[in-house]
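K.L.:
Chain by chain, the residues:
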Amino acid sequence: MKRLLLLALLLAAVPFAMKNQGVLYFMTLIMVLGVFAVGYDIVFGMAGLLSFGHAAFFGIGSYVFAFLVLKSPAWGLPAIGIAGVAGAIVAVAVAAIALRLAGIYFSLMTLAIAELLFYAASSPLRGLTGGEEGLVGVPRPAFAGIDFYNEGYFYLLVLCFFVAGLAASRVLRASPLGQAMRGVKVNEIRADQLGFNVRRIKLAAFGISGFYSGVAGALLGALMQFVNPQGLHWSTSGDIVIMTLLGGAGTLFGPVIGVVAFEVLKEILSARTVHFYGIVGIIFILTTLFLPTGIHGAFESVAARWKARRAARPATPSTRSLEAGAAK
Amino acid sequence: MQPKTVISGIALAAAMFAANAQEAKEAFIVGGVVPLSGPYASLGTAMRKGVDLAIEEKGQVLSKPVRVLWEDTETKPQVSVQKANKLIASGASMLFGDGASIQTMAIMPVAAQRKVPLIVTGSAADAITGANRNAFTFRTSSQIHAETQLATEFVKKRKMKAIYIVAVDQQQGRAAADTMKANMDKAGVKILGVDFTPIGNQDYSLVIDKVAKSGADGVLVVTAGADSSTFLKQAGQLKLGSKVKIFGVGFDDNDAMAVGKDIAGVNSVARYHFSYDTPANRKFVEAYRKKYNEYPDAMAGNAYDGMKWFLEVVDKTGSWNSEAWVKAFENSAPAASVFGPRQMRACDHQAVGVGLWTEGVQNSAPLPAYSFKVTDTFQPTGLYPECPKS
Amino acid sequence: MALVLNGLSIGMLLFLLAAGLTLVFGLLGVVNFAHGSLYMLGAYAAFEVVRWTDSFWLALVIAPLLVGLAGAVMERFALRPLYARDHSYQLLLTFGCILVIEEFTRMVWGVDFKAVSPPALLAGTTEVAGSVVTDYRLFIIVFGAIVSGLLFYVIEKTRVGVVVRAASQNSAMVSCLGIDVGKVRTSVFVVGAMLAALSGVVSAPLLPLKLGMSFSIIIDCFIVVVLGGLGSIRGAIFGALVIGMSRALGQVYAADLMLLLTYALLIGTLIVRPEGLFSVRRRSA
Chain A
0 MKRLLLLALL LAAVPFAMKN QGVLYFMTLI MVLGVFAVGY DIVFGMAGLL SFGHAAFFGI
60 GSYVFAFLVL KSPAWGLPAI GIAGVAGAIV AVAVAAIALR LAGIYFSLMT LAIAELLFYA
120 ASSPLRGLTG GEEGLVGVPR PAFAGIDFYN EGYFYLLVLC FFVAGLAASR VLRASPLGQA
180 MRGVKVNEIR ADQLGFNVRR IKLAAFGISG FYSGVAGALL GALMQFVNPQ GLHWSTSGDI
240 VIMTLLGGAG TLFGPVIGVV AFEVLKEILS ARTVHFYGIV GIIFILTTLF LPTGIHGAFE
300 SVAARWKARR AARPATPSTR SLEAGAAK
Chain B
0 MQPKTVISGI ALAAAMFAAN AQEAKEAFIV GGVVPLSGPY ASLGTAMRKG VDLAIEEKGQ
60 VLSKPVRVLW EDTETKPQVS VQKANKLIAS GASMLFGDGA SIQTMAIMPV AAQRKVPLIV
120 TGSAADAITG ANRNAFTFRT SSQIHAETQL ATEFVKKRKM KAIYIVAVDQ QQGRAAADTM
180 KANMDKAGVK ILGVDFTPIG NQDYSLVIDK VAKSGADGVL VVTAGADSST FLKQAGQLKL
240 GSKVKIFGVG FDDNDAMAVG KDIAGVNSVA RYHFSYDTPA NRKFVEAYRK KYNEYPDAMA
300 GNAYDGMKWF LEVVDKTGSW NSEAWVKAFE NSAPAASVFG PRQMRACDHQ AVGVGLWTEG
360 VQNSAPLPAY SFKVTDTFQP TGLYPECPKS
Chain C
0 MALVLNGLSI GMLLFLLAAG LTLVFGLLGV VNFAHGSLYM LGAYAAFEVV RWTDSFWLAL
60 VIAPLLVGLA GAVMERFALR PLYARDHSYQ LLLTFGCILV IEEFTRMVWG VDFKAVSPPA
120 LLAGTTEVAG SVVTDYRLFI IVFGAIVSGL LFYVIEKTRV GVVVRAASQN SAMVSCLGID
180 VGKVRTSVFV VGAMLAALSG VVSAPLLPLK LGMSFSIIID CFIVVVLGGL GSIRGAIFGA
240 LVIGMSRALG QVYAADLMLL LTYALLIGTL IVRPEGLFSV RRRSA
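Chains as they are written, first to last, in numbering that gives the first Met the number 0: chain A, 0 to 327; chain B, 0 to 389; chain C, 0 to 284.
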């Protein structure tokens, strides 16, 4: 928790130190995707379920938020919460259907349902969702008279959600439910035999994760002031899986690191060359082959080795006397 | 450990942006948001070439060097919005772009909010200067309404009695089909059938079969991107052109090269064509060929022309006030457009000028093996929608 | 009649593509998301061969061989370390491969659309029951039938097929019997890649070649594979025909409805019989 607090304080200081709206926008984007990734990891890293359908919860969150806030910007803050709830409900519904299957079939089912929703939003429901053109002019939330069109203030708003999301995830990880989820991931049969209701645990994981996704979708809609079916597309699901894996699944900060790495990499590279996606691809391949626990895992192992080397260093007579001498 | 990673990553990004931001004061910065990857990569690449040439020729605006910052919008509206914001924050005085209409419509509100003029030369949706228009968005290329009007004129000119319509199942396809239906009713031409196909459709053979059996004199094809090439290729293999006149609103030289010899006889509206004979166009084509060793396509031509026009206008105002530029651009006319005489309308920020009609041909070197060629020009009267009342 | 013929030809193209994917999954347990990219490479390789030799028939042979080579490299160096690991790592890796192959294609051939024409022999059309059908489509149907027959025969009836099937069920035992399991795996992957490339070559005369053609085809391919059952050639044929016919029907009748029905069919199959209609692997747990 201490690290999280430190991070929160440092991040909160940023808008006061720098006024560049573009950078603030980018950092806000990273935090929004960070919320999405942390939520995704609850299902993937903790409960061990590879879901390809999280774009559905994310996208639905965006649309619910947009519908509410287009009626009145004053709905802003509660709309984010409602979007989260919508995401949670859809997630539980999808999981209820998909959990009848196991392994790759489960994943394919989540993909199929999300694709169906994407198609529905693009075509038959285009009267409601604006079709591929989406909904433009989605207002930023309005409350307490703060101008959220100033990227600095919006950044701080999103920061609150980001920190809250990380804190909640931390609490979940330490809680009995969180431990149960990890137990299910490691050995489902044993968990079942120990008396845990495995199905309910998985549904809970989806529900919580869906809430995160819905909130993230709402925040993205507010950030871009634009919502379209792209949020429901399988590539959005794919992106979040990749970012979580890249950063390190199953850890608190891992997914966030993945988001940062992916987005910053794209930013830096796309300015240099048109072929940046190819380089990103190479990095994915290398990471999978050489960094199986993601970037976070790589850091951990480096840190562990470094600590071990320090501890293993024997206290030779010369150092002991030096130490003794220094202490005098 | 971990927070350090997060922070260093963010700091790195901040440094990149900060570096960009500093250069803004020393030059006139154009923010180019175009798709350089994704399905519309060829559009964005062509637009970039056109703009780069225009910038090179202009050199200076308001006594400062002109520079373009290009950002790849990946043919995704979400990325467009992100990059538009980034460019404005990096000091862009104007925005140029985007590719697909849905991308352009996503960034129009951003331009308006930040009071940065947006010049559109690559998207044809009517709403950009229609229902969704705003004070800071201008379009110098044509729109679907005008293109449908040109198709109507063609039908009348060829004295067709009945036509078929094949359109992409998207906002633009449906809008064009509706407008065409209304026009044909007025002209007394029968519509024997309308088929909507999904975007990215790989197989048109049955639709083509329906068209061939319908007895229509002509078939209007309203498709986008690769779908046009797919349709034309398959129609060519089924020898549709020998029975029914194939004409479209958006076929271009890329399609000609992708289809090959079956492009002969296919007609289309052209948003721009290198074969259009005006002194300005000849000069442009020559300069373009010298720089890029190829002929300019519709995207490059429109990008060059629109950018050149706007920069002229900005320079004449002598001021850095974007609202002054907007006012000056309304009702302005370019000094020497590749299209000949043109005018920017104040009521909807749509530029009007001649409509070009082309036919597919086979060429000999140095021209590309297959391309279109201008066969008719239509005057602007009646092509563009009435000025809106508000 | 034209409807049936077109549905069949679309189905055959899908089958060629899906066969590779389903083989690789059924026999190697790997979901190769980069399968669509191999299809794209096949099409572009065909373009290149035709550019040099002016012969489509040569392209039909050479392009799959070239892509097979690329597949061998991909399997040996990228996939092999991941067999023991979770499916999700394969996702990340094959996704990386998709991006790399896409950029490679862009660097070599650029962003403009490329064209391949049907061979002179098949450039004509035939009239069937009042409708015009291209000879090339008839060729696709025949060719697809031959390939599926061959595949079926090899896997079910030959010794090679037995070894491959055994290795998929119990690789440790097979290797104890003195067979190099690594080679078997690579070969299966290479065959899968070659099938994808073959589908690309055969599709090339029908479509403009463009970047991103890997994405246009992959969802349909997955639907076919899931319908038919991961790992079953029989299932792939069935699934491909179903989807092919539904696409053909969609062109003539309600396109919107057809797409929805396809998704409903997919979800329905997953709910009722997730291992597909002809599956080889038992679903775990």
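There could be a bad hint or two in this list.
To be verified - Straight-line C-alpha distance at most 27 Å; calculated DSS-like pairs for lysine-lysine:
hint, chain 1, residue 1, chain 2, residue 2
1, B, Lys289, C, Lys156
2, B, Lys238, A, Lys70
3, C, Lys156, B, Lys238
4, A, Lys18, B, Lys114
5, B, Lys289, B, Lys160
6, C, Lys113, B, Lys48
7, B, Lys388, B, Lys185
What the hints assert, rightly or not - Examples of chain B residues toward chain C, derived with CB under 8 Å:
hint, residue
8, Pro197
9, Asp202
10, Leu205
11, Ala211
12, Gln236
13, Leu237
14, Lys238
15, Gly240
16, Gly259
Just so you know, the hints here were simulated from the structure itself, not pulled from any lab data.
The C-beta atom is built at its ideal place from N, Cα and C for all residues, glycine as well.
K.L.:
Please verify whether lysine 289(B) and lysine 156(C) have alpha carbons no more than 27 Å apart.
P.N.:
The given pair, whose Cα atoms are some 63 Å apart, is violated under the 27 Å limit.
K.L.:
Would the stated hint for alanine 211(B) survive a check requiring a Cβ distance to chain C of less than 8 Å?
P.N.:
Status holds, d = 6 Å.
K.L.:
Holds or violated: are the alpha carbons of lysine 388(B) and lysine 185(B) at most 27 Å from each other?
P.N.:
Between lysine 388(B) and lysine 185(B) the Cα gap is close to 24 Å, so the pair holds against 27 Å.
K.L.:
Is lysine 289(B) close enough to lysine 160(B), meaning Cα to Cα at most 27 Å?
P.N.:
The given pair, whose Cα atoms are some 46 Å apart, is violated under the 27 Å limit.
K.L.:
Take the C-alpha atoms of lysine 238(B) and lysine 70(A), compute the straight-line distance between them, and say whether it is at most 27 Å.
P.N.:
violated (53 Å)
K.L.:
Are leucine 205(B) and chain C close enough, Cβ to Cβ, to be under 8 Å, as the hint says?
P.N.:
OK, holds: leucine 205(B) within 8 Å of chain C, min 4 Å.
K.L.:
Can the hint on aspartate 202(B) be confirmed by a CB-to-CB distance to chain C that is less than 8 Å?
P.N.:
With a closest approach of 6 Å, the aspartate 202(B) hint holds.
K.L.:
For lysine 113(C) and lysine 48(B), compute the direct alpha-carbon distance and say whether it is at most 27 Å.
P.N.:
Holds - the C-alpha atoms of lysine 48(B) and lysine 113(C) are around 20 Å apart, at most 27 Å.
K.L.:
Does the closest beta carbon of chain C sit nearer than 8 Å to the beta carbon of lysine 238(B)?
P.N.:
holds (6 Å)
K.L.:
Less than 8 Å between beta-carbons is the criterion; does glutamine 236(B) satisfy it with respect to chain C?
P.N.:
Result: holds, 5 Å to nearest chain C Cβ.
K.L.:
Check whether the Cα positions of lysine 156(C) and lysine 238(B) lie no farther apart than 27 Å.
P.N.:
Outside the cut-off at roughly 44 Å; violated.
K.L.:
Could you check if glycine 259(B) really has its C-beta closer than 8 Å to a C-beta on chain C?
P.N.:
holds (5 Å)
Hint check: violations occur at hints 1, 2, 3, 5 and 15; the rest are consistent with the structure.
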